[in-house]
Structure formats: structure tokens, C-alpha cells
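Student: Residue numbering for the sequence shown is -34 to -1, 1 to 740, as defined by mature numbering (1 follows the signal peptide of the UniProt record, and there is no 0).
None of these hints come from the bench; they were simulated from the model. Beta carbons are placed, not taken as given, at the ideal position from N, Cα and C, and that holds for glycine. Check the hints yourself; a few may be wrong.
Derived pair list, reagent style EDC-like, types lysine to aspartate or glutamate, alpha-carbon separation capped at 20 Å [what the hints assert, rightly or not]:
1) LYS585 with ASP595
2) LYS651 with ASP621
3) LYS522 with GLU535
4) LYS412 with GLU392
5) LYS96 with ASP425
6) LYS203 with ASP160
7) LYS248 with ASP603
8) LYS15 with ASP595
9) LYS287 with GLU252
10) LYS77 with GLU88
11) LYS96 with GLU454
12) LYS203 with ASP318
13) LYS259 with ASP282
14) LYS321 with ASP170
If you anchor each label on the Cβ, the simulated ranges turn out as follows [stated by the list, open to error]:
15) LYS300 with ASN320: 41 to 47 Å
16) LYS576 with LYS297: 17 to 23 Å
17) TYR301 with ASN592: 39 to 45 Å
18) LYS297 with ASN320: 26 to 32 Å
19) PHE283 with LYS576: 35 to 41 Å
20) GLY551 with ASN320: 18 to 24 Å
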Amino acid sequence: MYNSITNRRSFIKKMAIMSAMTAAASMFPGILFAEEQEKNLPKGDFDWKKGPCRFCGVGCGILVGTENGKAVAVKGDPNCSVNKGLLCVKGYHQTMCIQAKDRLTHALVKKNGSYVKTPLNEALDLVASKMKSTIEEHGKDAVAMYTSGQSTIPEGYVASKLMKGAIGTNNLDCNARLCMASAVAGFLTTFGADEPMGCYEDIDHADYFITWGNNMAEMHPVLFSRMLEQKNRRGAKIIDFATRTSRSSTASNRSILFEPQTDLAVANAICYEIINNGWMNKSFVENHCNFSKGLTNMGYGTEDKYKFTDKPEKIDFEAYKEFLKDYTPEKVAKYSKVSAKDIKYLASIYGDPNKKVVSYWCMGMNQHTRGTWMNNLVYNIHLLTGKISQPGNGPFSLTGQPSACGTAREVGTFTHKLPKGVVMNEKHRRLAAKIWKVPYERIPSKPTYHTTEMFRAVDRGDIKFIWTQVTNPLVSLPKTSRYRPGMEKDSCFVVVSDVFPTPTSDVADVILPASWHIEKSGLYGNSERRTQHWDKMVDGPGETTPDAWMTIEVAKRMGYGDLFPYSEENHVEEIYNEYIQFHEGAKHGMAPLEVLKKESGAIWPYVNGKSTQWRFNAKYDPACTNGKDFEFYGKPDGKAVIWQRPYEPAAESPDAEYPFWLNTGRVVEHWHTGSMTRRIPVLHKAMPHAYVEFHPEDAKALGIRDGEKIKVSSRRGSCVLPASINKRGLPTKGQVFVPFFDENMLINDVTLDAFCPISKEPDFKKCAVKVEKV
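Could you put the whole structure together from the sequences, leaning on the hints where they help?
Tutor: Have a look at this one:
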């Protein structure tokens, strides 16, 4: 079924795009070398303008060729250290989507059940009027905004300032709650500071790459190609640890499969082996780590208004060691379906003091009912061995959106966040009030609705106005079978800002025409803490307008103009210069805009004109001032926490009525809900619709043939898709896999809205379903 891959060049060639058509139709994800890109570019004397890619969180540098005011070509930026000229199929073809015939170019207002083209100023008047009247009639917590890890830094900043600083409600959350919240909670509980401590240069130094439930070959193909280069050049090894065989598995040195949810137990078993074999870095642990435990049996958040607060309790090393006795490799092998030999093999890699190891993960660990715990457990492994905050050694959580880090996490577009810190902290609220020039008392001290609960509140009628920007929740939310009818109710006024029509805009009362990526100036922040800037490259059609400016115009109409004194021409620069006041100092200093304009981004902390590539290590990080070799300065005592976190089962497991696990995910051709990539003809042709992937033995037992229509049903809803057998991926027996990009085959009508009680991130990877031929 799969071809063997022995080196990066053969990998690239098998994935290569030698023409626009063969690119997306190739068996492996498409990566383009600079010379291959040049062959396919249209001829002409173009004006090349730099910026970051619009899609995933890697932050590849692109050059967009413009001619006569139109974007006509894209190639990788060879001067960008992130991708060094490489691009994947999505990056190479990205500007094709803005040529789509159904582009939203003017505001639309629903009148008598039909959409009426409306001047943008009138539509913004209506949005502001409705928002204001809702607050007057029902209170400030009756209005909400739902934004995105695709929002630029200025867009997220003004949304936060409007909701928290001007209106005085924390009813702001973002779609990064669906993908990165567990990573945030994991970083904060272990280190007291968010985001990875390393950078992409780790790839050039590591001896082993261990991917935890992460199909990097399709989701982060440029980074994966860099890993393959190191595999070929100097013998670095890739270990794929997952619930499903994927393209990453076939390109790896070894693939190890585990039963869904049991990654918790396997991680503990690795820690047991490290300690039991004397592989623990005793000096590092004694000098730089504490041990803690929290509450267990937390529940799964499936009921409305579910609340949970953890109660950390310090323990000692001996108590932690005793806890691990329940996780010997032999015990864990019985229910994880990972052999004791494989568990010991993984532990031996981490435990070898002469080998450098980077752990990578993304949705597999984060979209998990114990996602915070899973993040903690991988950190435990690196802390026990001292393999952290050094070139080639460290845990690295990858992001799925271009500014999930820069906007959602750094600007703080979560209900509990501020541009620096959290709403619960008085010092952080006072800083925000000072910079925003608002009364301190206006910023509420308690979070309100995280994403799942926000849309539950819409359904209940508690939220009566919601404005979504740069996201498509009625495809991306779990259990959309509940939340779509909720948004269709007359009790809530829905505003949607977007570039294209989507299932979410279909239920809107007002649709606002947003500028696309290159039609505005902006800044993103990628997975390695790199802030990236770009200038506007082309004009957008019709009355398309940047989301930041539409938010500012609504704020002015609501009477908050004095808080938003930005000019239309320079608002991006003015907002960024205001925002970076939140992040002065050695721990999170941001590069000046003039640096970002010249370079392909800069990594924070940016101190004395230099990026800090490895945090918490005194050799590289000027914020380390305790006189020791490491300082985890996010914690008051400078020590990281090793957490005692047990295995607990999934919220819903297969049974006699619903005998299969459902796992959802992505494909290389499409990005998230497909609203952009499905409008790129070559990508749509290569992957025109979703599918349900079976293990061949399960398909045989059920009499299912490849291509047959199959109904996948849960206790919440159903979805009909064609069967896929012996093609791209291979689920384990008893599991089916469905990508979620297809709005015509909404698999999230089937998924469960259970979430991690700490991070509030839903689990899209595990629920029980049945399958039947249609």
C-alpha cells in the first residue's frame, strides 16, 4: 500500500508538484523546492512581496508576485529561516482561492428571510445598533465575539479591547480553544509560561524525533521535510506514535500504535522506566523541578454550565515514584495495545544521555478529554531526563493556525486572557486598564464562556448577539447537530465576517465582507514564537474591509471612539505599537515593527536586538537571572512541575450498539473546514469530498467495498460518506477515521462535545459510532 521512503529527496520527489495538477494528485503531500517552483511559475516581470503563509502554524515565508494590481504567483521565500524556500501544496496555490466567483464583496443583511446587498456603512450601523440595544436590554454579558487563530494580531487586539476594555465583558473566545487550549494549560501548569521553549532549529540538532499522535507529513509537511533531511544526512530517527497508520508512519523509522486514550498510560510507563533504570537526571530534577498532583475523576464537561477548578497539591519524589508502580510496561501493555518491548524502547530513547530528543504533537494530544494531563506527561519525560531548553532537546507543541500563538495566546482572545496575563489577576487587569485608558473596574475579574459553553449559551438563549470573525464554527465545532439549530433561533442576532459563504454565514443576520490575507497589512505569530509582518499586497474587491477596521468602526458607532483613535491608513502599525507595551522586558519583549518589516520575523523574547531561541536556559536566555544553568521563571521559585497524572478512560467508548471508535482529522490538500482550499481548483479536484477510512478486516467483516456509501452514526447525529479502504491511511481495527473539511459531509454532527475540564478543549478524536451501508 505504501512505498518506502529512505531520504528527503525521494520523499520530496514522491510528493513533488511538477505541475499544478500533479501536485495535489500525488500520493504524498506536496513540497516544492525553489527550482521546482520556478518551473511552474507564470512568466513575467512581477513585483515580489514578502509575508507569511495564510495556512498552518508553521509560518512559512512566501513571496507573492503581483502584476497590474493582482496576485499572479506564489513561491517560497528562500531568505526565511522557517522554510528556506520550501512550500507545501496549499501554500503554493493559496492565492487561487481569492479568484473564486462566490467571493463575498459586499455586506448582506437578512430581510424577510432573504439577503439584501447593503452598503457596508449601513451594515456596520446596524451591527453597532443591535449590539448596543442588546446590552441595554439584556446586559453586557448578552453579547459575545468569537474570533480565530487566523485573526491577525491587530484584529485580535481590538476585539479584546472592545469586549473587555470598552464594553466590560469577558464574552470573547476563539477557535484556538478547539485546537491549542490544552497546550496552553499544559505549559502554564508545568512552567508557568505559555508556548514552546525551543525553536525550529532544534530539528538540525536532534537525534530522535518522536511524534505523539501527530501526522506531520500532511499537517506540517515543511517541518517534516526538514526532519527527513536530517534523517538522510546524519541518521536522525523518526518515531511515529499514533492510533492510526498515516503518511508520517510510512516515512518514519518506526511506527508504534496505541489504543485511543491510553497515551496517558504509556507516557506514565515511560516515566516509570526512566526512573526504574536509573536514567533520571537526578541533578536536574533536584535543582529545577517540583512534584505535584491534582484532582482526578474530573468529569468530561458534557453537561451545560459544567465547572471545574483543579486543586494542586505538592508531593515528593517518593510519592510520585510509588504512583508510577501502577504503570509498569507490562501492566500498560495489557490495555494500551503497545507491547512492553515498545514502551521500553521509547523510554530508552529518552533515557539515553547521549541522544537528543524532540517530541512533537498537535491535535492528537490537545483534542483530548485529558489534554492538559497529556501535555504535562510529555513534559514530565523531558524534565526527568533534563532534555529540555537545549538545541535538539525539548517538547514542542505545534499549532494548526497561522496566529494561534501570536493572536489567541499572546494577544489573549480567550475569555480568561488579557494581552498580558489573565483577567483573574488584579495586577494584569490594572496594566490593561492603564494601556487601554479605561477604568480598572470595567474589566471583569471572572471568565465567562469558553467556546463550547458559549455556543451552548447561544442555544439556551443566554447570549442574544454573537459576532464571529475569521472562523466557521458550524463546521468546526463538535456536536454541530446541537449548535446549528441554536444559532438559527430568533433569540440570537448573528453577525459573520468572512471572505466566502460558509454554513456559518448561512445562519447570519448580517454578513460582513472581510479582506483576505494579502489584501490588508497584518502580523501573525507562529509556533516557534516568531512574529511575522506583511504589508498589503493587492486591493480587495468591492467593499471588502480588514476585520480590525470593521471592529474599530463598530466601536466608534457604539460611542467608544476615544478608545480607538487609530487611523485607517496606519492602524496596523499604531495598534502593534500599543500592543507591545504589554510585553516589555526580557521575558516577552517583542521586536519593533521596523525589524519585522526588514526580516522574515523575529522570535520573542527579543532582547538587545536579538531573538531568544531557547528559553529558560541561562546560556541562551537573558531573562534567567538566578545564577543557575536553568530557570523556569514562569514559576515563583523558578522550578518546573512534574505532575502526577493518572490514566482515565475516554468520555465515550465503543459498546455493543456503537462498536467503533471515531477519529477525525485533516488531509494535506485541505485546511480546516475547507472554506478556502475547496475553492482552489487543483486541491478540490485532488480531494473533492470527505470519506470514512476502514481497516480492511473490518470492511471485509461488514461486507463494505471501497467507494460504497456508508452511514456513520452516533448518539448525536449521522453522516453519509464513501468508504476508503487500503488508500491513504490505515486505522487500527475497531476504529474509523473521517476528515472534517467537507461542509457537505458534516462529521461534526456526529462528534461529542466532551472536553478537558482544565483547558476546556473538546475531544474530536474519540467517540463511539456505528456504521452501516446506505
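Student: Next step is simple, just say for each hint if it's right about the structure.
Tutor: Quick rundown of the hints versus the structure:
Between LYS585 and ASP595 the alpha-carbon distance is near 7 Å, which keeps this suggested pair within the 20 Å criterion. Between LYS651 and ASP621 the CA atoms are separated by roughly 37 Å; this puts the pair beyond 20 Å, and the hint is violated. Between LYS522 and GLU535 the CA atoms are separated by roughly 16 Å; this keeps the pair inside 20 Å, and the hint holds. Using a Cα cut-off of 20 Å, the hinted pair LYS412 and GLU392 holds, with the two alpha carbons roughly 11 Å apart.
Note on LYS96 and ASP425: the hinted pairing holds, with a Cα-Cα distance of about 19 Å set against a maximum of 20 Å. The straight-line distance between the Cα atoms of LYS203 and ASP160 is roughly 28 Å, outside the 20 Å bound, and the hint therefore fails. The hinted pair formed by LYS248 and ASP603 meets the criterion: a straight-line CA distance of about 19 Å does not exceed 20 Å. A threshold of 20 Å between alpha carbons decides the hint, and for LYS15 with ASP595 the separation of about 42 Å lies outside it, so the pair is violated.
The suggested pairing of LYS287 with GLU252 holds, with an alpha-carbon distance near 14 Å, which does not exceed 20 Å. At most 20 Å may separate the alpha-carbon atoms for a hinted pair to count; LYS77 and GLU88 meet this at roughly 14 Å. Among the hinted pairs, LYS96 with GLU454 is consistent with the structure: their alpha-carbon atoms are about 17 Å apart, no more than 20 Å. Under the criterion of a C-alpha separation no larger than 20 Å, the hint pairing LYS203 with ASP318 is consistent with the structure, at around 14 Å.
Straight-line distance between C-alpha atoms of LYS259 and ASP282 comes to about 10 Å, which keeps the hinted pair within the 20 Å bound. Of the supplied pair hints, the one linking LYS321 and ASP170 holds, its CA atoms being roughly 13 Å apart against a limit of 20 Å. At about 32 Å, the beta-carbon gap between LYS300 and ASN320 misses the expected band of 41 to 47 Å. The supplied range of 17 to 23 Å is broken by LYS576 and LYS297, whose beta-carbon atoms lie about 48 Å from each other.
A beta carbon spacing of about 42 Å between TYR301 and ASN592 agrees with the range 39 to 45 Å that was offered as a hint. In this structure, LYS297 and ASN320 meet the distance hint of 26 to 32 Å, their C-beta atoms being roughly 29 Å apart. Taken as a hint, the range 35 to 41 Å holds for the pair PHE283 and LYS576, whose Cβ atoms sit roughly 37 Å apart. Taking the beta carbon of each, GLY551 and ASN320 are about 37 Å apart, not inside 18 to 24 Å as hinted.
The structure fails hints 2, 6, 8, 15, 16, 20 (numbered hints given earlier, in ascending order).
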